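Asks: Here are the chains, one letter per residue:
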Amino acid sequence: MMSWRAMAAATLLVAAAPALLAGEIAPDARRSGYSFMGPDTRAMQDDDTSNPGMLFVLDGEALWAKKTGSADKACVDCHGDARSSMKGVAARYPAFDNALGRPVTLDQRINLCRANHQQATPLPYESRDLLALSAFTAHQSRGTPITAGDDPQAKPFVEQGRALYMQREGQLNLACTNCHDDNFDKRLAGAPITQGQPTGYPLYRLEWQTLGSLERRLRSCMTGVRAQAYDYGSPELVALELYLMSRAHGLPMETPAVRP
Amino acid sequence: MERACRHDPSAPPHPPAGEGWGEGVPTIENPQEERTLTRRCAASSPTSGRGKRSARLDISSHIPSIVAAVITLNLALAAGARAEELLPYNIVGDGIPASLTGSPGDAARGRALVLARTTTCILCHSGPFPETRFQGDLAPDLTGAGNRWSASQLRLRLVDASRFNPETIMPSYYRTDGLVRVGRNFAGKPILSAAEIEDIVAFLATLRD
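Chains as they are written, first to last, in my numbering: chain A, 414 to 673; chain B, 107 to 315.
Next up, chain A with everything else stripped away, as it sits in the complex (with noise of 0.2 Å):
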């Protein structure tokens, strides 16, 4: 709706210099979802023995070091050790790209990497081998504050990404804002709405069966209220994760994360 746009777009100007917008919660009092679940839930993830993500972040482990493409090289000939060099990076991703001038995710990352280094078709959106290496890549920040959106030339994208979580949509009319600012610690229909953060991407989700992407997620959020969709790899998802992992500073990294 156009009332919300110009709303959102006056908060915007009122609110130049606090850090904090009306609605949005206040830095201590962010909570992970893992914060929301119950204690088997918790302690599945806790375990890494009993973490299903894990099987993924081992098959990333093997994809590392297996050469492909015509280039004929691994990940590890020019990364070299991804305990050392890919730790914190994906605390930083969405990451403003220089050559594209604009944010990419970790997923279109290691797809940029294939196409110009390893010279290697794409990885489809949610295969397994792309899950497989961002859940190995992000495993390596667990624990690491989120710090993505902080690079100045990603303010315009963060802001994007922010429009969008305000903005109403869908045939049920609702707005991010909506549930993950104003409603969580409710229940929606029985189960607890969290604060939507984005943590622990890509995670284990009981109810897919499988590892999924912080995109699939938000995607089903849209269906949830009878939006359509963005596309995986859109910029509008793409803005949309790169404010939630803003909204998301200094949380730690938990990849790969469970939820139910």
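Each hint should be verified, as a subset may be incorrect.
[As the list claims (entries may be wrong)] Over 12 Å on every C-beta distance to chain B, these chain A residues come out as not near it, computed from the model:
no. : residue
1   : Ala442
2   : Arg522
3   : Pro648
[Unchecked claim] Simulated restraints, written as ranges between beta carbons of each label pair:
no. : chain 1 : residue 1 : chain 2 : residue 2 : range
4   : B       : Pro272    : A       : Lys568    : 30 to 36 Å
5   : A       : Arg541    : B       : Arg290    : 27 to 33 Å
6   : A       : Thr481    : B       : Asn271    : 52 to 58 Å
7   : B       : Arg290    : A       : Thr481    : 35 to 41 Å
8   : A       : Gly646    : B       : Ser256    : 17 to 23 Å
9   : B       : Pro272    : A       : Ala487    : 56 to 62 Å
10  : B       : Leu193    : A       : Asp460    : 54 to 60 Å
11  : A       : Ser647    : B       : Leu193    : 54 to 60 Å
12  : A       : Asp494    : B       : Asp283    : 55 to 61 Å
13  : B       : Arg239    : A       : Lys568    : 41 to 47 Å
14  : B       : Pro203    : A       : Pro558    : 56 to 62 Å
15  : B       : Arg290    : A       : Asp564    : 34 to 40 Å
16  : A       : Gly451    : B       : Phe235    : 39 to 45 Å
No lab work stands behind these hints, which were simulated from the structure alone. In this text, all values refer to a predicted model and were calculated from it rather than measured experimentally. Note that CB positions come from ideal geometry on N, CA and C, so glycine has one too.
Mind docking chain B on chain A? Use the hints.
Replies: Chain B in isolation, oriented as in the chain A frame:
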């Protein structure tokens, strides 16, 4: 009451089960972990249009059946492509005094509709529904709604709750304008039909304590 899917039959297949806020059969017993369902037609639903359509294709080995099938499909396409016309209604004061359909709704059907996840009411509301644990608490309990509001007010609230509170999160169930990026399968259609609204109004009016 499970209603047949009224999606446009030409629409692409639904995303795999598991999208949205949970689809199909809950896999987890713990209500805390239970997912919610808002999609009108889960891909696995036996009443979904997809199921019907493939059944139709299965019998199409006979020429007359093909002709019949094509005609049926065309009718369905025409119906799906046309935006559902909203019946006109008159707002008087803070309500819509007259039935949208011209006849009274059926309270029993209305109760079943309110309880159906796909109608979305109990995503947000709770009420006197001892048979289900899966009720929301984003909105007032519906118990006693019939004391607090007249049928006329209830009808307007369902048709367009934003008339009572412009900031409300309650969707407008009988409105198609002013919406953004409505999903392909839902575009141009109100969330509920006029008859469904009347059934729900009839049910809510019985909620007296």
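Asks: Holds or violated: 41 to 47 Å for the Cβ distance of B/Arg239 and A/Lys568?
Replies: At 45 Å between Cβs, range holds.
Asks: Could you see if the CB distance from B/Pro272 to A/Ala487 stays within 56 to 62 Å?
Replies: 57 Å, holds
Asks: When you take the CB atoms of B/Arg290 and A/Asp564, is the distance between them in 34 to 40 Å?
Replies: 36 Å, holds
Asks: Using the beta carbons of A/Arg541 and B/Arg290, state whether their distance is inside 27 to 33 Å or not.
Replies: 28 Å, holds
Asks: Per the hint of 17 to 23 Å, is the separation of the Cβ atoms of A/Gly646 and B/Ser256 within bounds?
Replies: 51 Å, violated
Asks: Classify the label on A/Pro648 as holds or violated, using whether its beta-carbon is more than 12 Å from each beta-carbon of chain B.
Replies: 15 Å, holds
Asks: Indicate whether the distance between the beta carbons of B/Pro203 and A/Pro558 respects the range 56 to 62 Å.
Replies: 58 Å, holds
Asks: A cut-off of 12 Å on Cβ-Cβ distance, and A/Ala442 was said to be off the interface with chain B. Does that hold?
Replies: 19 Å, holds
Asks: May I ask you to test the hint 52 to 58 Å on the CB atoms belonging to A/Thr481 and B/Asn271?
Replies: 56 Å, holds
Asks: Does 55 to 61 Å hold as the CB distance between A/Asp494 and B/Asp283, or does it fail?
Replies: 58 Å, holds
Asks: Take the C-beta atom of B/Pro272 and the C-beta atom of A/Lys568, compute their distance, and say whether it sits inside 30 to 36 Å.
Replies: 31 Å, holds
Asks: Please test the hint of 54 to 60 Å on the beta carbon pair from B/Leu193 and A/Asp460.
Replies: 58 Å, holds
Of the numbered hints listed earlier, those contradicted by the structure are 8, 11, 16.
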